[in-house]
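**Student:** Could you fit the two chains together into a complex? Lean on the hints.
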Amino acid sequence: MPTFHAGIAPRFEDLRDEFDRVWTSLATAPERQGWPARRAERGSAERLFPAVNASESDEAIVVEAELPGLDAGDVEISIAGDELVLRGSRTRRPEQPAGNGEKPTAVTWQRRERGSGEFERRIELPVPVDATRVEARLVDGVLTVTCPKAPQAQPRKVTVQSA
Amino acid sequence: MTTETQPQTELTFRPDVDICDCGNEVLIVADVPGANPGAIDVSFDDGVLSVHAPVAARTLSGRALQQEYGIGDYCRSFKLGEGFDASLISAECRRGVLEIHVPRLASVRPRKIAVRTA
Numbered sequence: 001m002p003t004f005h006a007g008i009a010p011r012f013e014d015l016r017d018e019f020d021r022v023w024t025s026l027a028t029a030p031e032r033q034g035w036p037a038r039r040a041e042r043g044s045a046e047r048l049f050p051a052v053n054a055s056e057s058d059e060a061i062v063v064e065a066e067l068p069g070l071d072a073g074d075v076e077i078s079i080a081g082d083e084l085v086l087r088g089s090r091t092r093r094p095e096q097p098a099g100n101g102e103k104p105t106a107v108t109w110q111r112r113e114r115g116s117g118e119f120e121r122r123i124e125l126p127v128p129v130d131a132t133r134v135e136a137r138l139v140d141g142v143l144t145v146t147c148p149k150a151p152q153a154q155p156r157k158v159t160v161q162s163a
Numbered sequence: 001m002t003t004e005t006q007p008q009t010e011l012t013f014r015p016d017v018d019i020c021d022c023g024n025e026v027l028i029v030a031d032v033p034g035a036n037p038g039a040i041d042v043s044f045d046d047g048v049l050s051v052h053a054p055v056a057a058r059t060l061s062g063r064a065l066q067q068e069y070g071i072g073d074y075c076r077s078f079k080l081g082e083g084f085d086a087s088l089i090s091a092e093c094r095r096g097v098l099e100i101h102v103p104r105l106a107s108v109r110p111r112k113i114a115v116r117t118a
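Going down the list, the protein sequences come from chains A and B. Residue numbering for the first sequence follows the working numbering, beginning at 1 and increasing consecutively. Residue numbering for the second sequence follows the working numbering, beginning at 1 and increasing consecutively.
With the rest of the complex left out, here is chain B (with noise of 0.2 Å):
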């Protein structure tokens, strides 16, 4: 269900995920350390959602000593397919942590039917 589709930049970043499907929404879970939150833009558009987070450029002064991560924006697309409520999709950023909610359309939530007896 979510195929993920190719950064759209080499510049960017491409951040660790947690997917999950709850059901009535799926759930993304993004570590973007670094990102300012009120920058972060989320769209979603025919199927596709997609993820930019911009990291502000910052330097270590002096002479490096140990380099094992770089610093850029994180950028990420997952295509999710049909049956979603745009409008209705949210998302919220704490510690560097991006947490986006999908919703289903009411129309295809899985819906547990009661089997009344006799």
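Isolated chain A, as found in the complex (with noise of 0.2 Å):
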């Protein structure tokens, strides 16, 4: 089972966290209730990576993840079953970078809330896909899967004929 590091944040946050989770669900349009208090849920040891948008079409399911820092090349994507499949790492920065290209020297975190490591997601999908047609794109972070429906799973218009 992959291991994702979740970062760790100094306890003050967490109650800032949930601060900022009050006020966003008082301050925010009801049709985006939700979303901003799950994204106040960063820095918590419990939460999932990547993120995950999911929506469905009448002619496919597109899925929607979250992967700074990572290339095309750091996430397998693959469909299994009824499941669409990210796998991949993401490396942590040395304990000891070089600053300005100069030689490593001793160094203090003082936060590490970014999480690292490996991971994997399975998002169901509710309908037959076409896996020969996935398509994946990764641009500034964000990972976008389009996966086609399968013919039999797309919706048909039937003709009503006149008599």
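Where hints are given, some of them may not hold.
Pulled a few chain B residues facing chain A out of the computed Cβ check, cut under 8 Å [to be verified]:
| no. | residue |
| --- | --- |
| 1 | I19 |
| 2 | C20 |
| 3 | D21 |
| 4 | V29 |
| 5 | P33 |
| 6 | P37 |
| 7 | D41 |
| 8 | V42 |
| 9 | F44 |
| 10 | G62 |
| 11 | R63 |
| 12 | L65 |
| 13 | Q66 |
| 14 | Q67 |
| 15 | E68 |
| 16 | R95 |
Derived from the structure by calculation, the hints contain no laboratory data. Note that this is a predicted model, so its numbers are computed, not measured. Using N, Cα and C, we set each Cβ at its ideal position, and we do this for glycine too.
**Tutor:** Next up, the structure:
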């Protein structure tokens, strides 16, 4: 089982997250409620990586995932049964990076909120998809996977004949 | 040293960051997936480093199946204090990760003193 290490935030961060969550839920338009609250959970050890949004149109299932720092080659995308599987890993910066091209020096990480390690997410697909036509692109850390529905899963328009 | 201040508006999101004190500089690494690299605003005023990374609105067509995150700008500020050279602050954004280098003034950088032997 892949292990993804959630970043560690000081305890007062949790308190502010709670404040943000309450504030956001009060200030957000009704149709967006729930989204920012989930975003505010960043920093929690239980969060899933990557975070995923998905939608279904007549033609396809589209899955979008936030994968900052990853190249296209860093993520493996596959269709397994009725699931879309995203696998990969995000490496953490070394504990002692070189500053400005100089020799590595003793450094102190004051915050480590960004998660790292291996991840795997399985997204259930509600209808059969055509695995041979799945397309994916990764732009500015956002992965978009388009899974065209199998022909039998697409809605069929029935013409009503008049007498 | 890096005391954080509150975001300015409720419709922005607070990016996850790693902050490193590298001696000669402070390095801030922020996850800003979906942000337009050319529109990111990084400013330093009175010891406070502010980041605003605009994200273009986008929606997935059709019926929503799963919603685990919202779309909005990233905004976060850090109170770094004195002793930094604002003219040498640099930032780059690649693959949705923003890195900001904030160099210390030469006069306050840690200096290693060689001890001469007799």
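**Student:** With a cut-off of 8 Å on the beta carbons, see whether R63(B) makes it to chain A.
**Tutor:** This hint holds: R63(B) lies near chain A, its Cβ roughly 5 Å from the closest one there, short of 8 Å.
**Student:** Have a go at the D21(B) hint: is there a Cβ in chain A nearer than 8 Å to its own Cβ?
**Tutor:** holds (4 Å)
**Student:** Can the hint on I19(B) be confirmed by a CB-to-CB distance to chain A that is less than 8 Å?
**Tutor:** This interface hint holds because 4 Å falls under the 8 Å limit.
**Student:** Classify the hint on F44(B) as holds or violated, based on whether any CB of chain A lies nearer than 8 Å to its CB.
**Tutor:** Since the shortest Cβ distance to chain A is 17 Å, the answer is violated.
**Student:** Let's test the interface hint: is any C-beta of chain A closer than 8 Å to that of L65(B)?
**Tutor:** holds (4 Å)
**Student:** Let me know if the C-beta of P33(B) comes in closer than 8 Å to any C-beta of chain A, holds or violated.
**Tutor:** Status holds, d = 3 Å.
**Student:** With 8 Å as the cut and Cβ atoms as the points, is D41(B) at the interface with chain A?
**Tutor:** This interface hint is violated because 16 Å lies over the 8 Å limit.
**Student:** Hint V29(B) vs chain A: min CB-CB distance below 8 Å?
**Tutor:** At about 7 Å, which falls below the 8 Å cut-off, the nearest Cβ of chain A leaves the hint on V29(B) intact, so it holds.
**Student:** Quick check on the hint: G62(B) CB to chain A CB, less than 8 Å?
**Tutor:** holds (3 Å)
**Student:** Does R95(B) pass the interface check with chain A, least Cβ-Cβ distance below 8 Å?
**Tutor:** holds (5 Å)
**Student:** Can we keep the C20(B) interface hint, with Cβ of chain A closer than 8 Å?
**Tutor:** holds (5 Å)
**Student:** Holds or violated: is there a CB of chain A closer than 8 Å to the CB of E68(B)?
**Tutor:** With a closest approach of 4 Å, the E68(B) hint holds.
In summary, the numbered hints that this structure violates are 7, 8 and 9.
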